[in-house]
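Taken in sequence, the protein lines are chains A, B, C and D.
Under this note's numbering, read the first sequence as residues 75 to 448, first letter to last.
Under this note's numbering, read the second sequence as residues 2 to 354, first letter to last.
Under this note's numbering, read the third sequence as residues -13 to 313, first letter to last.
Under this note's numbering, read the fourth sequence as residues 455 to 799, first letter to last.
Don't take each hint at face value.
On the chain D side, residues computed to face chain A include the following (Cβ under 7 Å) [said to hold, decoys possible]:
no.	residue
1	D646
2	E650
3	S651
4	Y652
5	A653
6	I654
7	P655
8	E658
9	V661
Result set (SDA-like, lysine to any residue): computed pairs, CA atoms no more than 20 Å apart in a straight line [to be verified]:
no.	chain 1	residue 1	chain 2	residue 2
10	D	K689	A	T98
11	D	K572	C	E275
12	D	K691	A	G197
13	A	K121	D	K458
14	A	K121	D	L597
15	A	K357	D	L471
16	D	K572	C	Y313
17	D	K572	C	N49
Some chain D residues well away from chain A (every beta-carbon gap over 12 Å; in silico) [said to hold, decoys possible]:
no.	residue
18	D735
19	G741
20	D781
Honestly, the hints are just simulated from the structure, not real lab data.
Quantities reported herein were computed from a predicted structural model and do not represent experimental measurements.
All residues carry an ideal CB built from backbone N, CA and C; glycine is no exception.
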Amino acid sequence: MQTDRIKPIVMPKWGLSMSEGKITGWLKQPGSTVNVGDDLLEVETDKITNVVEAGDAGTLRRVLAEPGNVYPVKSLIAVLADPDVPDAEVDAFVAGFAVPKGDDEEGGEDAGPQYLFADTPAGTLRYAKRGDGGPTVLLVHGFGGDLDNWLFTIDALAEKATVYALDLPGHGQSTKAIADPSLAGLSAALLGFMDTVGIGSAHLVGHSMGGAVSMRTALDAPDRVDSLALIASAGLGREINQAYIQGFVAATGRRDLKPVLEQLFADTSLVSRQLVEDLLKYKRLDGVDGALRALSGALFANGEQASVLGGDVAAAGKPTLVVWGKEDRIIPAAHATALGSNARTEVIPNAGHMVQMEAAGTVNALLKEHIGRG
Amino acid sequence: MAPVVGIIANPVSARDIRRVVANAASLQITDRANIVLRVLAALRACGVTDVLMMPEKGGIRGHVERGVVRARAHGDTPYPAIHLVDMPVTGTVADTHRAAAAMRQAGVAAIVVLGGDGTHRAVVAHCGSIPIAGISTGTNNAFPEHREPTITGLATGLAVTGKVPAPVAFAANKRIDVCVNGGELREIALVDVALVTERYIGARALYRTENFRELFVTFADPEVIGMSAIAGLLEPVARDESGGLMVRLATPEQRQAGTCGTILHAPIAPGMITPVGVTDWRRMPAGVPFVPEIKAGSIALDGEREVSFSARDRVSLTLRDDAFRTVNVGGCMRFAAQNRLLAGAPAPLPATA
Amino acid sequence: MTENPFPLDRDDLLKAYRIMRTIREFEERLHIDFAKGDIPGFVHLYAGEEASAAGIMMHLKDNDRIASTHRGHGHCIAKGVDVHEMMAEIYGRSTGACRGKGGSMHIADLSKGMMGANGILGAGAPLACGAALAAKVRGDGGVGISFVGDGASNQGMFLESLNLAAVWNLPAIFVVENNGYAESTARDWAVAVDSYIDRASGFGLPGVTVDGTDFFAVYEAAGEIIRRAREGGGPALLECNMVRFYGHFEGDAQTYRAKGEVEAIRASRDCIKIFAERVIEAGVISRAELEAIDKEVLDLIEDAVRAAKSAPLPAPAELLTDVYVAY
Amino acid sequence: MARKISMKQAINEALDLEMTRDPSVIVMGEDIVGGTGSPGEDDAWGGVLGVTKGLHAKHGNRLMDTPLSESAYIGAAIGAATCGLRPVAELMFIDFMGVCFDQIFNQAAKFRYMFGGKAETPVVIRAMVGAGFRAAAQHSQMLTPIFTHIPGVKVVCPSNAYDAKGLLIQSIRDNDPVIFCEHKNLYGLECDVPAESYAIPFGEANVLRDGGDVTIVSYGLTVHRAMEAAEALAKDKVEAEVIDLRTLSPIDWDTVIDSVERTGRLVVVDEAHPRCSIASDVAAFVGQNAFGALKAGVQMVTAPHVPVPFSPVLEDLYIPNAAAIADAARRTLAPTGTSPRSIAA
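Isolated chain A, as found in the complex:
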C-alpha cells in the first residue's frame, strides 16, 4: 500500500482538554484541489470555533464527516490523495485507518495529567509538556493569557520537538502574586521555571507580552535561549492599544469583557461565549486583578510600552522569527519590521493579535521551519 500517496485528514486536537469536535461546515467540496494552508472546514468545540487548514496538498477524495455531527479527536474525517490514486485504494485506506495512539509519554488520551505544576522560586507555575525528543521549545503567552493560547500550536510543534507551555506568574492557574512585575522579573520567573523543570536552553516562542519576556530572557541569559520566535510581540515599539489594556483589566462581566476581547481577533465571531466565560473565570480568581494591574502599570503605563528591546535583540544576533497578524488592533503590525534584516518577518493577512490561533496552520508551519533551522 502506498499510503504516502494518501493523506488522512483527522479531527484536530486543539488544546489539552479537547476530546471531540463538531463539524460546522466544509469549505472545500469533494473532488476539489487543495493546497497547503487552504481552509478545509470549520470545527466547533466547547471553547472555540476555528477553521482547519490543509497541512498537505492533494485532491479531496473523500469527505467522511457530516456537518452537524460530533467526532472524536484524531478520527478520520476526510481523505486527500492525488487524482491518480485508484478509488479502491482510497477505500481500503479508509477501511484500514486506525486512530493513532497518543504519542505523549503519558501514553494515552486521558491517561495522564493534562497539566503539570512546578514549584519555582516565583511560585507554583502550571505548565504543559507535549512531545519528546528533538529541540526544546518553550511557549510564552501574553498579558492576561495562559498556556491555552497555544491551543492550536502545541500539538503541531510537538510532532518534532519537546514543547513546554507555561502560565506566567499572575496568569492561568499559576501563583497569582507577582514579586516583580517588570520584564526582568518575568524573565527571572521564566528562567526559574526552566531551572526547575530541567530545561537547559530552549527555543522561546513568545506572544505579545510573552515576546518581550522572551527577548528580555535572551538578553539576560543568552546561553539559555536557542532562538526567538516573536508573535505580535511587545517590546518592539512604543505603541499599544491602551483602551484594550485598560478595558481588559477593568472588565468584570461578560457584557464589558466581550467587546474588549473582540479586538484580539480579525474575525470577531471567534470570541465565543465560552471563551469569554473562561477569561471571566480567570479574572475572578483572587489575586488576578492585582496582578494585572501591577503588570499593566509596570509595562504599559500611560498608554505606551515601557520597554523597547528591538535594538538590543538585533544586536544580540539570535536567530529570530517575527510573525504578525496584519489586522492586529493591539500592537500595530508596523512593529514587525523593528528588527529589520536581523529577523525573518512574516505579516499574515486576515489575522489579528491572536494570529497563532486565527492562522494556526500558517504560523505553525513558520514555527516548525524556524525551529527546525535552529
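Given chain A's structure and the hints, the job is docking chains B, C and D onto it.
Frame of chain A; chains B, C and D shown alone:
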C-alpha cells in the same frame, strides 16, 4: 372565733446586687407562692380557718389563688379562707408597713413573714406586740431561721390556737433603735447596724468591707451570714441573752499599717468570705445609747444601706431587750411532740381557743 | 474641700448630671415643640427615666454597644450621640444623625456604639447579643447592652436572646426599664411571671432589681454587672424600676393613668432632683455649679432647635441613596 | 486548579477559604457543627445535610452551633455584622424565616438606609430552598420573591457548584446583607470548580446557551430544566438562549433585555409560586422596557399557587419541568400569540 393569722409575703426581696457580686440565691415568685400554700396548709391543719394577707402585684397572690381554686375544684379544702388587707399597692416597703399596721389593728394572732431581714424589720416596726413567724426568702438572712416553711406554719398554727401555751410558744427578741437628730428620724434593726463610709445608698447591699467602720449587733451568731457573723466569730452572743456586741473595724490605712488587731475571714454575704480588719469589740448593754465615731457615711440596717448622714447629723444607737415577739418554732414543735399534739387525731385538730 | 463619699469623682458627677439634665431638657423641649406642631412624626419621651441611661452609660466606652428602644433619645444622649444631629434628625433634616431618613425612632451612631433606637419592640436584644458576640470573638473586652421596656420583655426575641446569651456566655446585659406601662397596658397585667429576675433565673442569668430613679443605685449595680460581663462572667439582667413623666408617645392623653399619678412622681421620684439634693447635701457639688450646667444645657437645646429648624431638608435624590453599598 | 466537586463541597470550600482569609468571618447555625454538648462525636453532623462538615476541626470556635432559636441567632449575626464581624448564619430551611423575619427585613435590610448610610451589615444568611426533597410544605419552598421584594437585602440563588462558590465568597465580602439560597437538590451536582478563591460579582447573569429564537430566563434548579428544554427544542430547530439570573437582587436586566431584543420571545421559569414572583417580575419588566421587541406574549412557567405537597406524585407535578418549559417556548412561537390561561395563575 378561731384566731386569724396574718401573712406578709414580700415579692421583691432577694433581687439585689449580691446576685452579681456574690452568686446569692434568688427565690422565684412561684416558689414564694408555693411557700405560702405550704404555710396555709399547715395552718389549716391546726384549725386556722381564716388568714389575712398583704396584697401585692408581684405575682404571689395570683399563683396562690390558682392553688386554692384548683384545690376547691378537686373537692378539697386544705386551705383557710384568704382575706386581703384593703390597701393600695405601691410596690415599695410602705406596703409592708401598712399591712403590718393593718393586721395589728385587725387583731391577728400572729404574722407569718416571707422575706429577708429587711422585710422582717419592716414588719416589726409596725406590728407592736403581735408575734411574727419568719420564713427566709431573702439574701442576707440572719434573722429568720432557715427551716421548711411547713414546720413554721404548723408551729404558728399550734401557737395561735393555744395548743402550745404562750410562754413556750413565743420568744422575746432584741432590736437596736437608731435615732438621728434627736428623733427627726427613727429606724430599727433586728440584727445589726453597720456604719460605712459610703455616703450614698446606691444599690443598698453591703459588700465592700473596706468601707465598714462600726458594727452593732443584737446577737452574734457564728452560724449565720452577714454582719452578725463578724461579731459571732469574735464573741458569740445568743438571741435570748441580754445585750449585744459592738465591733470597731479597721480602716484600709490601719490594715495596711498593720495596726488593727485581728484580720477576720468572715462570710459577709453568700459566697463572699472576706478579710475584715477588726480593731476591737465590746459588749453593748441594753438601754445605753451609743454614738458612732465616724462623722459621715451611711447607716446600714440588717445589711442594707438605708440612711446617709453627715457631720451635722447626730446619730445614736440603743439596744432594747424584749422588743418584739416571735413564734418559737423549735419550742412549739418539741412541745407538740412531748404532748403528742399531732398524734392520733383522725380529723383536723379542733380549735380550742 | 469636703471628702467625696460617692463612687464617682466630681468631674464624673458633673458629667452624669449634665447627661441627665440634657436628656430632660431635650425631651421637655420636644414636648413643647410637638404640641406646637413643629415636629413631624411620633416621639416617645424618656423624661423621668434619665438615671437609668446615665447610670449605665457612665460605665461604657465607644466599643461597648447598646441597642435601644423606641424611647431612645436618652440612651443616645448618654451614649454620646451629638445633640444637634439628634434634634435635626427629629426635625427630618439632612443634617440629622441619619440624614433625615430615620427619625426619632431610628437614631443611631455606630461610631459611638449606639446601634440604634428601634421601632420594633424587643428587636434590640438579639442585636445586642451580636454586639456581645463580636466583642467576645475579638476579645476587646466590650459589652453589648440591650434596653427593653417592661412591655417588650414579653417578646420572643427578647426571651430567646436571654437563652442565647446564656448558652454562648456572652458579655451581654439586658436592661429592663420598667416604667410600669407597656404603651397603655399595665405591666402588672401583661407580664405573666411578675418578676423580671425570675425570667433571668429561668435562663440561668443573675438578675438585679434597682430603684431606677436613684442614679447611684443604677450606677453601682450596672457597674458590677458590666464588670462581671467584661471579666467573662457572662450575661445578666438589670431591672430599673422607674417612672415615665409623659405618655407613651406625644399626644397620648394618658387616660389609663391614675389621677394625680404624674404629679406625684414628678414631686417625689424625679431622679434629677434626687441626684442634685444628694450631691449638694454632701457638699461635693454646689447648687451654683448645677445651675450653671442647667443654663448651658438650655442654651445647647435652644441652639440645637434653632439649627435644626434652619437646616436644609433632604434633597429629593436622597430618596434613593443608601439602600445598598452598591447595586 | 479546577476539579470536579459538588455544590455542597463548593459551599464548604468557600466558607473554609473565607474563614482562612479573614478572621472576622464566623459561621453559625443550628447543627452546623452538630453534636455540640452531646455525648457522641463533636462535628457529628456538620450541618443537617453535611455542608459544613470538617470546618469545625479547622476553624474551631469560629464555627458555632446555635440553640433552635432563629430569632436570637439570626439577630445576633446581624448585630455582630454591624460591629465589624462578617457572620455567615445558616437558617437551615428558608421556610424558617417565619420565626426570624423581623431581624432580616426590619433590622438588617434597613440599617444602612434608616441610619443615613452610616451602618454596614455584612451578614450572609444561608438557607436551603426548593422542592423535590419529599419534605412537604414547610421545608420545600422557594421564597426568593419575598426577600427580593425587600430593599436592602441581596438575594442569590446559584444553579451549580462553580457559581455557588464564587457567589458565596462574594456574599461574604459584600457589605450588605445577603440571603444565599441553596437548592437542596443541587447539592450533589458536580462541575469544574477552581481550588482557588474567586468571587462572582452580583447582578451578572450567566448565559448558558446561545440561541436566537426564544429566551428562557431562570435561576436555581430550574435552570437545568430550562437547558433540557432547550436541547429538546434544538431537535426541532428552535434555538433557545438560556439565561441563569444567578442573583435576583440585584438582577441583571441588561442581559435579559438584550436577549429578548434579539429573540423577541421570552419564557420565564421560576420554582416559586406565580403571584408576585421572580417570573412575574421579569415578565413585567420586559413588558415595560422591551415591549416593541416582543413577538409574542411572555410565558411564565412556575410552581402552581399551592403549598408544596408531600406525596411524590403530587410534588413532581408541582415542580416546573422541561416539557412544560419547552411547551411554553413553543407557545411563543405559535402563530397566534395567545395561549390558554394556565390553572396556576
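A quick look at each hint next to the structure:
This hint is violated: D646 (chain D) has a C-beta 9 Å from the nearest C-beta of chain A, more than the 7 Å allowed. This hint holds: E650 (chain D) has a C-beta 5 Å from the nearest C-beta of chain A, less than the 7 Å allowed. Annotation: interface hint on S651 (chain D) holds; nearest CB of chain A at approximately 4 Å, less than 7 Å. Satisfaction of the interface hint for Y652 (chain D) is found here, the shortest Cβ-Cβ separation to chain A being roughly 4 Å, below the 7 Å cut-off.
Given the 7 Å rule on beta carbons, the hint for A653 (chain D) holds: about 6 Å separates it from the nearest Cβ of chain A. Taking 7 Å as the C-beta cut-off, the interface hint given for I654 (chain D) holds, the closest approach to chain A being about 6 Å. Look at P655 (chain D): its Cβ gets to within about 5 Å of chain A, closer than 7 Å, so that hint holds up. Using the Cβ-Cβ criterion of 7 Å, the hint placing E658 (chain D) at the interface with chain A is satisfied: the shortest such distance is roughly 4 Å.
Among the interface hints, the one on V661 (chain D) holds; its C-beta lies about 6 Å from the nearest C-beta in chain A, closer than the 7 Å criterion. For the hint linking K689 (chain D) to T98 (chain A), the alpha-carbon distance of about 16 Å falls within 20 Å, and the restraint holds. Of the pairs offered as hints, the one joining K572 (chain D) and E275 (chain C) is violated, with about 37 Å between alpha carbons and a cut-off of 20 Å exceeded. Under the criterion of a C-alpha separation no larger than 20 Å, the hint pairing K691 (chain D) with G197 (chain A) is inconsistent with the structure, at around 49 Å.
A distance of roughly 18 Å separates the Cα atoms of K121 (chain A) and K458 (chain D); the hinted pair therefore holds under the 20 Å criterion. The hinted pair formed by K121 (chain A) and L597 (chain D) fails the criterion: a straight-line CA distance of about 36 Å is larger than 20 Å. The hinted pair formed by K357 (chain A) and L471 (chain D) meets the criterion: a straight-line CA distance of about 18 Å does not exceed 20 Å. In summary, the hint linking K572 (chain D) to Y313 (chain C) is supported, as the alpha carbons are separated by about 17 Å, within the 20 Å threshold.
For the hint pairing K572 (chain D) with N49 (chain C), the CA-to-CA distance comes to about 16 Å; that is within 20 Å, so the pair holds. With a least beta-carbon separation of about 21 Å from chain A, D735 (chain D) lies farther than 12 Å from that chain, consistent with its non-interface assignment. No beta-carbon of chain A is positioned within 12 Å of the beta-carbon of G741 (chain D); the least distance is around 22 Å. With a closest Cβ-Cβ approach of about 25 Å to chain A, D781 (chain D) is found to remain outside the 12 Å limit, as its non-interface label requires.
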